[in-house]
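**Student:** Chain by chain, the residues run as shown.
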Amino acid sequence: MDLHLGRATASTAERAAVDAELGPPATRWEGGGRDRAEDGRVSYGGRDARSQRHLLLPVLHAVQKQIGWVSDGALTYVAQRLTVPPAEVYGVATFYSMLSIRPRPGRVAHVCDDIACRIGGANPLIDQLTADFGPAGTPRGDATWIRSPCLGLCERAPAVMFQLAGDEADESHAPAAANQVNAVLGGGSPAVFVPGSTPQTLPPRDESLRLLRRIGVADPDSLDDYRAHGGYEALRRALQLGPAGVIREITDSKLMGRGGAAFPTGVKWSGVASAPARPHYLICNADESEPGTFKDRVLMEEDPFALVEAMTIAGYAAGCELGYLYIRGEYPLATRRLEGAIAQARARGLLGLDVMGRGFAFDIVLRRGAGAYICGEETALMNSIEGYRGEPRNKPPFPTVAGLFGKPTLINNVETLFNVLDVILGTGPAYATVGTEKSTGTKLFCVSGCVTSPGVYEVPFGTTLREMIDLAGGVRDGRPLQALLLGGAAGTFVPEEQFDTPLTFEGTREIGASLGSGVIMLFDDTVDLVDILTRVAGFFRDESCGQCVPCRVGTVRQEEALIRIGTGRSNGSTAADVELLAELSLVMKDASICGLGQTAPAALQSALALNLLGVGASGAADTSTTPESSTGNKQRTPDAS
Amino acid sequence: MRRNAPVMLGAIRRMLDFELDGEPVRAPEGSTILDVCREQGIDTPTLCYLDNLTPVNACRVCMVEVDGSRVLVPSCSRDVEAGMVVKTDTERVRHSRKMVLELLASSTDMSLAEDAVHRWMDSYGVDIKRYGPPGPPAAAGERDRRQAGHHHVPDGLTAETVAQPVKIDNELYVRDYARCILCYKCVEACGEDAQNTFAIAVAGRGFDATIATEFDVTLPDSACVYCGNCIAVCPTGALMPKSEYDMRQAGTWDETKQDQVTTVCTFCGVGCNLELTTQDNRIVRVDSPIDHSITNGHLCIKGRFGYAHVQN
Amino acid sequence: MTGVPAAAIRELAHRYAEADRAQICWTLGITEHHTGVDNVLSLINLALLTGHVGRYGSGLNPLRGQNNVQGGGDMGAIPNKLPGFKDITDDAERGRFERAWGMPLPAEHGWHLSQMFEAMDRGELRAAYIMGENPAESEADVAHCRKLLDGLDHLVVQDIFLTKTAEYADVVLPAAADWCEADGTVTNSERRVQRTRKAIDPPGQAWPDIKIITELAKRMGHDWGDPTAEQAWDELRSLSAMHTGMSYQRLEELGGIQWPCPDENHPGSKLLHERLWADPLEGQPAPFHACEWLPPIDTLTEQFPLRMTTVRRLDAYNTGVQTDGYTSPLWERESLRISPEDARRLGFADGDRVLISSRRGAIEAPLRVDASLRPGLTWMTPHSTGEADVNLLTNESWDPKSGTSEFKATAIRVDRVTPEKQRG
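Chains as they are written, first to last, in the numbering used here: chain F, 32 to 672; chain U, 687 to 998; chain Y, 448 to 871.
Everything labelled a hint here was simulated from the structure, so no lab data went into it. Be aware that a few hints might be false.
Simulated pairs of lysine-lysine, DSSO-like, Cα-Cα distance not exceeding 30 Å [unchecked claim]:
hint	chain 1	residue 1	chain 2	residue 2
1	Y	K611	Y	K658
2	U	K943	U	K928
3	Y	K848	Y	K528
4	Y	K645	Y	K848
5	Y	K611	Y	K848
6	Y	K658	Y	K528
7	U	K773	F	K426
8	Y	K533	Y	K665
9	Y	K528	Y	K665
10	Y	K658	U	K943
11	Y	K611	Y	K665
12	Y	K594	Y	K611
13	U	K928	Y	K645
14	U	K943	Y	K645
15	U	K784	F	K426
In silico contact screen, one side only, chain Y against chain U (beta carbon under 7 Å); selected entries [what the hints assert, rightly or not]:
hint	residue
16	N514
17	A624
18	C627
19	N635
20	R639
21	D648
22	L663
23	Q769
24	Y773
25	T774
26	W778
For each residue, glycine too, the CB sits at the ideal point set by N, CA and C.
Build the full structure now, drawing on both the sequences and the hints.
**Tutor:** Here it is as structure tokens:
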């Protein structure tokens, strides 16, 4: 490819950051010196050079990390190194919120103002930072703060993530206090992660826990300790079963994917295993970004080897020699622990060309996202790995036929893979005895919001919402419950009369809800639900990839209409805006390419249906020509953030 | 990379039986629903689809209902299957088409869109007034500088649009992104579907996504080779020859006085067909017929713009 | 020999040979050498050896530099062939044309362009009628060419521009632009005949070529009537079998037809050498040609140490007469592109104005340092003779088989124009 490179050149530091990731350039065609005479006779811009495009996001990360932003010179050098057109590098770099293509201070605090943190102290924190620093994005010295969508630390809200240029590691922290944020932005070392996010695993321990059994018990940095706690027994057994045997157990277990779509895992595995095209790829979707969701983070931070082992089993069963572990960029600790686990496993022959000396090859490449909720969508995630913008692909073809790099791809969520260990350690049929007929095994729920003991809870499928609330100690401070959100920002509100619904795939489907990512978020009577839903609408407007019209424009129009309703400023009548929201909801659900757009109106529509906003779904009950009266005391002016 | 190389070797294709709007239909395997709709004379709106480009199915205006599918499916990129039951005129389909056109019209200047687009907007009953008056246009370059994941919370009083000043940075064509519906066609034509220049890409995210060169440099500083294939595929007049733009600004662009003549480009031996639009014995615009097998509508800078030597 | 590492050649050869379908496309870099025909024969050898001929997606494809180079040949505008590529020395074929046209035709090969100039040099060619060609700028060693044009007894130039060549003419006949001011046909690189159509009126006194020629004939005593382009075409169809099936109506309907197309039911021929795959082989097997490598005529010496090649820019066309008129954002001032190493060694910086000399002449132009070049190689374009008359430098030595001059390999040196100024 004949690249047209602009005049901007990379600084020495930028080149060093890129070269540290890619190694020094081999030829002048990719930015090296002119001393190799044959470079004048042979061009290296062909397919081989272009095949490195999947390194684009890691390299952009490296520049962002070392320099604090990605300049046009750095971008040009990256384009040259990877033989990717500069405009496309730019298109990718501007897709991710954690990458900045304009100069930005080296120390950035991403302060979560998403729904869980909003009711968990984010607002006072933000007010304090605004007083100290000025509005979001104002630089002070080499530091600034900006607002962030959910950082996945909802159980300890409010949360903050420090993105630090240079050699200092990024760090998340919760609960965050303004003085702590100030200290880190002023040059101090970020606070050390404090565990305590999984109430069930605190003493007295619930010994029946399966997915959480090593959390807080085994040292997440030690392979030996992992093995001392039963680690790698599942892989050993999988090798005895053989690939077909493993898939049989998975099929018999009736394990359903935990990523939200509830697809039978066994069907997926056998689909990839039998796909004729080669190679096969495995992907672990660890891009846990659904607001209110943090279970995968807890698993990865506290039991990283288990994920490595489970991926190895999946790769073995489905005939994949390479697995990509795609983790969201906002999970620095989980990333470090997984990197450590992968390195140790590789050093001990548990990954590599000859796993466990049994003659099969499997290795894991860890890829960090860079701030894009959409990359949790499986095909968007594949585009992201391949070095393209994280835009979803049209399906069919499905990933099992044509996925990563166009090859058959097995993609599973973190929690699903943890269940695989459980299945293999026992038998498929034994696993299927837990839970219900159609929803087997245990399920992790992320309980947060106005609840006494927020955290990750593992329960058998079939447990009711009421039991979950009780398990977490009930509504905080004994206040009345105003609403309960099930499934995350893309989920729905569930009314109290349905709290005895068993939490299963089929049970929630019956009441028109979905387990989603296992979020159970409680809102007591003090919470301003219009504010919460406006944040949700803003979240989807921010996170829409922009590819398809229903989602790209629909999320904008949804936010505008909701704000009109909330502020009592409807153009015609509130009823007309409620009707408009319903029409928007229909086109977004029916015509969006992917689940993001399809579920973006879900929470709002369910809130309207339950009359949680003071205006009915039809708008009829509260139709009024004077907008003020229809919204009562919910009237407010939106903050301009 | 996401498409197979074209192969002209005429493989024998299986005929598939399925149902379209209640009628039994046969079509060769590999046909899309849209292909069949067109064959059957069913007027199906499209914006991001063009015969000479890989379907990106981004606009979602060609949606149809397929039995067994939870959501509507894009007819432009879904192959027909035996036994499929397709409905193209249900309430859901009409609603989605209306809303997609309405969402675009409420955020984009569609006044120069192809005639068919206006016809569809009328027939589906598009009403943009209910979104409120359009918001103020963005300052030059402002939309290009937005950071992914961060937007100003609106007040809801006006409908946000993509309005912004037109970009004029060379003598051959203008980019009026206030008219851009982000159909991706120009990016495809600049990239692997035609020119393989990759001067432009989609940048940014969500509603703030734009068509951009790297760092939004001007076209003369970019990789652009001025083939103008992006102009040819643009459905809304966002990309336009500067000569046409100037005439429109001056009020001298007069389609009633224009003729189209197809001839062959003089500049090399490829034999690209040129569709000359003439007005007052002058060439005012050059395109290439999309259905001609030599270039499928694509040209180079000389073919599209190198006609000054015969201008009277 | 080439400097390209053997391993790279080997790898490419294997990829080419093993590919399901592979094409070789080339332009003037292959042909504008005194060994141009040998270069092409070598490519043919490669294609024959690997079987990449006569099948869809394979083949040899010289990309023509003008829209009707092929058509000119088709119509017999070459010194040894009649329309339809029948040899003029073939008595039977020539006889058909003589009977149709009602007059005898010369039975021997004529001169090609390079031979014509040599004949001018010898004084054997004393008058010329030049249509739509600008040799006073486009010929290699153009100073010599201009001298010869100047020495002709009579020169007629028929063109849509008043070209540099027209300045040497005794009579200039203003012509309409064939591609948009008149009707006709052209043949492209893939042998496809297509219709050109009149879209606008020619300016002033300009006439279509066909009208100029018939009027000229009339005034010289031959009334050919006032044929339309289609009538002239139909006459060709009656004489050239490969074109017989190509009525205007069919050309219209099919969007062009590839020859041979012998009758009106024939779809035209996408592939030319399919017969090579017939088993048993129909006709003669395709011959291989042994070619010996010869270096360029213009050898590199201490006095002329740099190799200069002429290239085309995307937005410009040959001597620029057709492309000067529009404002291309890609336009740049004519310059000698040179590698950073050579510029440094010679003590020049980007933009310095230098004197470029070859064994035939010298011109001035600015230097432009181009990192894509390897040391030793330089280039210029022929697009702006007003800025830099590059063909004063080029070598007219021509390939004995094709008559094409060696534009691609000139030995040059680069010197300071005004050393005093540069030092100051």
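**Student:** Work down the list of hints and note, for each, if the structure agrees.
**Tutor:** Evaluation of the provided hints:
no. : hint            : in the structure
1   : Y:K611 / Y:K658 : holds (24 Å)
2   : U:K943 / U:K928 : holds (19 Å)
3   : Y:K848 / Y:K528 : holds (15 Å)
4   : Y:K645 / Y:K848 : violated (37 Å)
5   : Y:K611 / Y:K848 : holds (28 Å)
6   : Y:K658 / Y:K528 : holds (24 Å)
7   : U:K773 / F:K426 : holds (19 Å)
8   : Y:K533 / Y:K665 : holds (28 Å)
9   : Y:K528 / Y:K665 : holds (26 Å)
10  : Y:K658 / U:K943 : holds (29 Å)
11  : Y:K611 / Y:K665 : holds (29 Å)
12  : Y:K594 / Y:K611 : holds (13 Å)
13  : U:K928 / Y:K645 : holds (24 Å)
14  : U:K943 / Y:K645 : holds (17 Å)
15  : U:K784 / F:K426 : holds (23 Å)
16  : N514            : holds (5 Å)
17  : A624            : holds (5 Å)
18  : C627            : holds (6 Å)
19  : N635            : holds (3 Å)
20  : R639            : holds (6 Å)
21  : D648            : holds (6 Å)
22  : L663            : violated (23 Å)
23  : Q769            : holds (5 Å)
24  : Y773            : holds (4 Å)
25  : T774            : holds (4 Å)
26  : W778            : violated (10 Å)
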